[in-house]
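Q: My request is simple: use the sequences and hints to build the entire structure.
If you read the sequences in order, they're chains P and E. Residue numbers are given in the working numbering: position 103 of the first sequence equals residue 120, and the series is strictly consecutive. Residue numbers are given in the working numbering: position 135 of the second sequence equals residue 126, and the series is strictly consecutive.
You may find that some hints are simply not true.
[Said to hold, decoys possible] Covered stretches of chain P (in silico footprint by chain E; criterion: 3 or more residues with CB under 8 Å from a CB of chain E, positions within the stretch not fixed):
| # | region |
| --- | --- |
| 1 | 25 to 36 |
| 2 | 62 to 68 |
[As the list claims (entries may be wrong)] Distance condition first, Cα-Cα at most 30 Å in a straight line; then the derived DSSO-like pairs of lysine-lysine:
| # | chain 1 | residue 1 | chain 2 | residue 2 |
| --- | --- | --- | --- | --- |
| 3 | P | K76 | E | K159 |
| 4 | P | K42 | E | K154 |
| 5 | E | K154 | E | K87 |
| 6 | E | K208 | P | K115 |
| 7 | E | K159 | P | K42 |
| 8 | E | K169 | P | K82 |
| 9 | E | K159 | P | K41 |
| 10 | E | K169 | E | K154 |
| 11 | P | K76 | E | K208 |
| 12 | P | K115 | E | K238 |
| 13 | E | K115 | E | K154 |
| 14 | E | K258 | E | K3 |
| 15 | E | K124 | E | K159 |
| 16 | P | K82 | E | K159 |
| 17 | E | K238 | P | K101 |
| 18 | E | K169 | E | K208 |
| 19 | P | K48 | E | K169 |
| 20 | E | K169 | E | K95 |
| 21 | P | K48 | E | K159 |
| 22 | E | K208 | P | K101 |
| 23 | P | K115 | E | K233 |
| 24 | P | K76 | E | K238 |
Keep in mind that the hints were calculated from the coordinates and are not lab data. None of these values were measured; they are calculated from a predicted model. We treat Cβ as the ideally placed atom computed from N, Cα and C, and that holds for glycine.
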Amino acid sequence: MEFKENQAIYLQIANRFFENILQKKWDSGEKIPSIRDMAVEFEVNPNTTMRTFNYLQDKGIIYNKRGIGYFLADDGFERTIAIKREQFLEEDLPLFFKNMQLLGIKLDDLKAYANQKPELNV
Amino acid sequence: MIALKDIHFRYKKNKPLFENLNLTLEPGFIYGLLGKNGAGKSSLLKHISGLLYPDSGQCTVFGFDASARKPAMLEDIYMIPEEFNLPPISLSNYVKTNGVFYSKFSNNQLQAYLAEFELDESAKLSTLSYGQKKKFLIAFGLATNARLLILDEPTNGLDIPSKSQFRKIMAASLDEEKIIIISTHQVRDLENLIDNVVVLEKGNIVFNRNMGEISEKLAFEYNLSGVPAEEILYAEDMHGRKAGIVKNIAGHDARVDLELLFNGIVKNAAGINEHFANYKYEY
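A: Quick look at the structure:
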């Protein structure tokens, strides 16, 4: 995996977990790959993926069954959506608005653009 | 655990290399040993593996005095040097004659690593390329199950897929008993594998910190324009722009750029270390 410039690796791996959850590659209540499996997949130190697992556990998205492994929480999908929405509103949107301002694009222009593309479904 | 205590060492009279060097390495971590040419990296590794003796001070490895070179210690150490000579015999013959020195040697593991690296056991070592020889030594070293693995420039000579295989194998083989020391200049190849960064400069350890702590306290910027001067710890020209190390004010864990970090430490170790010492949580 190509890592981005600025964000800590363990958070970038967490984002990959979020993608898997949102794309339903992992289902609620299902066992997910181990800390070591993920370290091998991403070619990083197992202590790094352990931070990812701890981070997601703190968020209530995954939980640990002693001696068995990690599982996606029953409401893991909903919690992931909530986190990603917050991230979108707080991090992506301000940047998006700043670009709109720089380029002189108005909200109405966006609406017109979206109306031309019904397949976007927004 | 490895403990170097008050190590003094010199190759020549009046030219000391180590003066009161202290270093502790704990199991369960991969240590990245960085330093310019001639900084003393290989000498340090030789002290740990019992190949050089300190003039004074002591180096203990898993409770053994390294300079006593007890077989019980040596079977728990495997070192892959940057330069090596291998005899003109087949891989399987080499394994037969050398594997016996390691009581935890696993032939099953060796077969798996050789398959991963696409190495044929019946081939003669003398017919292999440098990169293939290196992969063979990595496979053999891991199969010894030594608790201490020392790798000097392990990715030199490896092609691109082999570097990726190497990282996967290392990620899979670290456990809470193992200490892995990687000495390298190829920081880009290995930066996501390293837990702790140890920088050696003219025989002194000028930096020794955990990656988590680094990512919390430092941030690595590729365009410093607009960053207040007092937040900049180190700056260099990169592709016509100023890149550098800044104080991590935002409180988001940053991605650590080992190359920038190393350059910064070589130029301004005091300033960077001072930031770690003065760091306070600000809310």
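Q: Hint by hint, say whether it matches the structure.
A: Each hint, compared with the structure:
By the rule of at least three residues with a Cβ nearer than 8 Å to a Cβ of chain E, the coverage given for the region 25 to 36 of chain P holds, with 5 such residues. A count of 5 residues in the region 62 to 68 of chain P with a Cβ less than 8 Å from any Cβ of chain E is obtained; the coverage claim is therefore met, three being the minimum. Restraint check: the Cα-Cα separation between P:K76 and E:K159 comes to about 28 Å, which is no more than 30 Å; the hinted pair holds. Proximity of P:K42 to E:K154 is assessed by CA-CA distance (about 28 Å); at most 30 Å being required, the pair is judged to hold.
For the proposed pair E:K154 and E:K87, the alpha carbon gap of about 27 Å is at most 30 Å, so the pair holds. Under the criterion of a C-alpha separation no larger than 30 Å, the hint pairing E:K208 with P:K115 is consistent with the structure, at around 28 Å. With a C-alpha separation of about 23 Å, the suggested pairing of E:K159 with P:K42 holds against the 30 Å cut-off. At most 30 Å may separate the alpha-carbon atoms for a hinted pair to count; E:K169 and P:K82 meet this at roughly 25 Å.
At roughly 26 Å between alpha-carbon atoms, E:K159 and P:K41 fall within 30 Å of each other, so this suggested pair holds. Taken as a hint, the E:K169 and E:K154 pair is honoured in the structure, with Cα atoms around 21 Å apart against an allowance of 30 Å. With a C-alpha separation of about 23 Å, the suggested pair P:K76 and E:K208 falls inside the 30 Å cut-off, and the hint holds. Proximity of P:K115 to E:K238 is assessed by CA-CA distance (about 25 Å); at most 30 Å being required, the pair is judged to hold.
Our distance criterion of 30 Å between C-alpha atoms is met by E:K115 and E:K154, whose separation comes to about 23 Å. The hinted pair formed by E:K258 and E:K3 meets the criterion: a straight-line CA distance of about 27 Å does not exceed 30 Å. Under the criterion of a C-alpha separation no larger than 30 Å, the hint pairing E:K124 with E:K159 is consistent with the structure, at around 19 Å. This hinted pair checks out: P:K82 and E:K159 have alpha carbons roughly 26 Å apart, not beyond 30 Å.
Between the alpha carbons of E:K238 and P:K101 the distance comes to roughly 27 Å, so the proposed pair stays at or under 30 Å and holds. Of the pairs offered as hints, the one joining E:K169 and E:K208 holds, with about 27 Å between alpha carbons and a cut-off of 30 Å not exceeded. With a C-alpha separation of about 28 Å, the suggested pair P:K48 and E:K169 falls inside the 30 Å cut-off, and the hint holds. A threshold of 30 Å between alpha carbons decides the hint, and for E:K169 with E:K95 the separation of about 13 Å falls inside it, so the pair holds.
The straight-line distance between the Cα atoms of P:K48 and E:K159 is roughly 22 Å, inside the 30 Å bound, and the hint therefore holds. For the hint pairing E:K208 with P:K101, the CA-to-CA distance comes to about 25 Å; that is within 30 Å, so the pair holds. The hinted pair formed by P:K115 and E:K233 meets the criterion: a straight-line CA distance of about 24 Å does not exceed 30 Å. In summary, the hint linking P:K76 to E:K238 is supported, as the alpha carbons are separated by about 27 Å, within the 30 Å threshold.
Comparing the model with each earlier hint shows no violations; every hint is respected.
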